[in-house]
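Participant: Sequence:
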Amino acid sequence: MKEYPTDQIRNVCLIGHGLSGKTSLAEAMLFQAKAIAKQGSVDNGNSVMDWDQFEIERKNSINLSVAGIALKNGKINLVDTPGFPDFIGDVISGLAVTETVISVVCAASGIQVQTLQTWQRSEHSGNARLVFINKLDRENSNYQKVFEELKAKFGADKIIPITIPIGAEINFKGVVDLISMKAYTEDKTVEIPADLKDEATSLRSAVMENIAGTDESLMNKYLESGELSSEEILKGISLGLKENTIIPVLCGCATKNIGIQQLLDLIISAAPQPKVKNSGTPSALIFKTINDPFIGKLSYFKVFDGSILSDTSLPNSRTGENEKGKIAHIFGKKLEDITQAVSGDIATFVKINAPKAGDSIGSACDITLPYPKPCHAVAIEVEVKGTEDKMANGLSKIVEDDPIMHIRRDPETKQTIFYGVGDTQTSLVLKKLDREFKVKVKEVELIVPYRETIQRKAHGDYKHKKQTGGAGQFAHVILDIEPMKRGEKYEFLNKVVGGNIPKQFIPAVEKGVIAAMEHGALAGFPVVDIRTLVLDGKYHPVDSNEMAFRTAGRGAFQEAQKQASPILLEPIYELKVFIPDEYTGDVMGDLNQRRGRVEGLESLGNGLTLIKAHVPYAEILRYTIDLKALTQGRGTFEMTFSNYEIVPSQQAQKVIEKYGKKAPTED
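Start counting at 1 in the sequence shown, then tack on 14, and there's your number in this note's numbering.
Calculated directly from the structure, the hints in this document are not laboratory data. Check the hints yourself; a few may be wrong.
Cut-off 25 Å, straight-line C-alpha distance, at most; resulting in silico cross-link-like pairs (SDA-like, lysine to any residue) [to be verified]:
1. 16 <-> 364
2. 347 <-> 442
3. 172 <-> 228
4. 86 <-> 352
Simulated DEER-style distance windows between Cβ atoms [stated by the list, open to error]:
5. 210 <-> 244: 14 to 24 Å
6. 326 <-> 350: 15 to 25 Å
7. 656 <-> 496: 18 to 28 Å
8. 579 <-> 503: 11 to 21 Å
9. 626 <-> 437: 23 to 33 Å
10. 291 <-> 220: 33 to 43 Å
11. 238 <-> 184: 43 to 53 Å
12. 590 <-> 437: 12 to 22 Å
13. 326 <-> 21: 18 to 28 Å
14. 244 <-> 201: 14 to 24 Å
15. 220 <-> 134: 19 to 29 Å
These numbers come from a predicted model, not from an experiment. Note that the Cβ used here is the ideal one computed from N, Cα and C, for glycine as well.
Full structure from sequences and hints, please.
Facilitator: Structural data, given as structure tokens:
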């Protein structure tokens with residue numbers, strides 16, 4: 015591919031709901047631009063963008079994919095993103111490195127939850143926005159209904175039609191371009207049908223009136239003559255896209271290659287140029303990494319300043335280390351070595367191991383990738399003992415490619431916990447571990463990190479005495495424990511007088527107390543919010559040592575805890591649930607059943623409601639799945655740890671029965 019200057023590059027991100035046809039649209043754009051000789055399809059598993067084996071099997075995107083399209087008068091870097099919420103990280107990455115987004119909407123199913131959610135993210139990113147109404151050949155497709163939905167959701171004053179359909183459903187056969195006032199079928203230019211001429215003329219007048227408001231000279235021309243040329247309309251669209259005052263709407267059918275050339279033409283003619291600096295100092299942002307088992311690690315980047323040269327050392331702003339490697343043009347899974355990537359262009363480093371998404375290469379970028387905190391946690395373990403290292407290695411590689419995911423080994427429960435966005439993502443991770451890393455991993459029950467505490471003051475008296483023939487062990491510890499305020503955790507006070515326990519053994523007593531607090535008397539969970547006062551004791555000048563006093567301290571604490579009315583505490587999380595208004599009652603009722611406290615409702619506009627609540631963690635372990643079912647996949651939530659609270663007696667008894675007999679012992 016030849017090199018294009020910055021002002022001839024257009025970076026475009028495809029967003030929208032799953033199954034709206036984003037990847038099919040990308041394939042059609044590649045074919046129409048003669049970047050591929052034959053148009054593939056998602057159903058046949060031979061599309062350029064869905065090249066991952068799991069994508070081919072699922073017949074939908076799970077990864078961000080990039081393809082550069084070379085045209086006579088410019089280059090389009092097309093970024094295709096997944097439509098399912100579990101893979102929102104790649105949408106965020108795609109929006110950060112493109113100036114223009116195309117929201118793809120199915121003409122049959124209309125605007126759906128991911129249409130709105132990805133649209134809102136594009137608003138926050140400041141991208142210029144277009145809409146492509148796809149699948150107009152489908153049964154029950156309805157262009158006008160979807161167009162009215164767009165006006166209602168995204169602003170009637172911004173939405174303007176650029177192409178309109180000829181025919182509907184099985185009779186859909188082309189589009190009318192309101193800029194050129196010509197009609198196009200799949201393979202030729204035709205006359206505008208007689209029954210559409212008046213409508214097309216009227217719509218074009220409305221478009222010109224809207225466009226005229228983007229520029230004073232256009233307004234004067236329109237007021238004087240009532241007409242704008244095609245070039246003037248394109249100028250107005252370009253200004254409106256740049257200022258986010260207009261949202262052009264095009265339509266067609268990707269699989270039949272109808273309406274695609276008009277979309278390509280509009281992108282090259284009116285979409286904004288790349289946002290870059292002009293200092294000349296090389297600066298690039300890594301926005302996606304892929305660990306390819308055959309090629310090695312790929313690190314997709316966009317150049318924000320200067321040029322990135324192949325095999326040139328540049329610092330990684332996160333690690334401080336220099337990165338050096340070959341760079342390549344991206345076309346789905348195919349790579350083409352290039353000598354440099356100019357400012358505004360998108361390319362990839364090949365076989366550089368250190369970069370992560372969000373890293374700056376060269377001079378630091380001021381671009382951040384606002385990934386959300388993952389809310390879906392599952393405990394996993396290997397099916398075959400001895401393969402834990404293979405699992406750890408595989409997980410580290412997988413997590414590198416999605417910055418939202420992370421893995422934690424819980425030192426308390428000894429569980430490996432995977433954090434992601436949803437159950438679909440989790441299922442894919444387990445399949446990848448099996449297929450690519452040859453290790454079978456399964457989900458197991460996640461242990462809730464309960465805590466134990468006490469309700470009243472209690473006394474402990476423990477004597478440790480052990481005689482083995484030689485020097486023995488002796489220690490006697492007397493102590494009190496008392497409750498502290500919630501969240502104060504722990505305090506240890508030495509009240510011994512007269513040297514009954516020498517000062518050098520007091521730290522050993524504390525170590526014993528801390529060891530006892532790791533596994534409480536009720537169910538083996540850590541003990542918190544307790545003050546320990548060491549009051550008295552005895553020692554032996556020969557047989558007393560640190561080990562003996564540690565053992566005695568532990569025993570005295572355990573004896574006292576049993577008498578101090580021990581209780582169970584559970585973690586409480588603050589929940590923010592975002593749902594369409596019509597599900598408010600159902601979601602609130604469900605939260606109440608989960609022992610939640612609903613503490614606020616807020617209307618967000620656009621038919622969305624925010625519910626704020628505090629809910630026990632034990633009740634929301636599978637909330638990602640449950641909320642999806644409750645709202646038909648249209649609800650999302652965020653969760654943040656809040657505090658610990660007393661577990662109601664009925665629930666506490668169940669926890670004690672479940673864990674009490676298998677409480678962990680000291681390592």
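Participant: Taking the Cβ atom of residue 326 and the Cβ atom of residue 21, is their distance within the range 18 to 28 Å?
Facilitator: holds, 24 Å
Participant: Range first: 12 to 22 Å. Now tell me if the beta carbons of residue 590 and residue 437 are that far apart.
Facilitator: For residue 590 and residue 437 the Cβ distance comes to about 20 Å; the hint holds.
Participant: Between residue 626 and residue 437, does the C-beta distance stay in 23 to 33 Å?
Facilitator: 24 Å Cβ-Cβ, so the 23 to 33 Å window holds.
Participant: Just to be sure I understand the hint, the distance between the Cβ atoms of residue 291 and residue 220 should be within 33 to 43 Å; is that true here?
Facilitator: Cβ of residue 291 to Cβ of residue 220: about 39 Å, so the range 33 to 43 Å holds.
Participant: Mind checking the hinted window 15 to 25 Å against the Cβ distance between residue 326 and residue 350?
Facilitator: 18 Å Cβ-Cβ, so the 15 to 25 Å window holds.
Participant: Is it true that the CA of residue 16 sits at most 25 Å from the CA of residue 364?
Facilitator: This hinted pair holds, its Cα atoms lying about 20 Å apart.
Participant: Is 14 to 24 Å respected by the C-beta to C-beta distance linking residue 210 and residue 244?
Facilitator: Cβ of residue 210 to Cβ of residue 244: about 18 Å, so the range 14 to 24 Å holds.
Participant: Taken at face value, is the distance from the CA of residue 442 to the CA of residue 347 at most 25 Å?
Facilitator: holds, 20 Å
Participant: Could you say whether the range 11 to 21 Å given as a hint is met by the Cβ separation of residue 579 and residue 503?
Facilitator: holds, 19 Å
Participant: Does the Cβ pair residue 244, residue 201 satisfy 14 to 24 Å?
Facilitator: holds, 22 Å
Participant: So does residue 238 sit 43 to 53 Å from residue 184, Cβ to Cβ?
Facilitator: Given range 43 to 53 Å: holds, Cβ gap about 45 Å.
Participant: Assuming the hint says 18 to 28 Å, is it satisfied by the Cβ distance from residue 656 to residue 496 or not?
Facilitator: Since the Cβ atoms of residue 656 and residue 496 sit about 25 Å apart, the hinted range of 18 to 28 Å holds.
The structure fails none of the hints (numbered hints given earlier).
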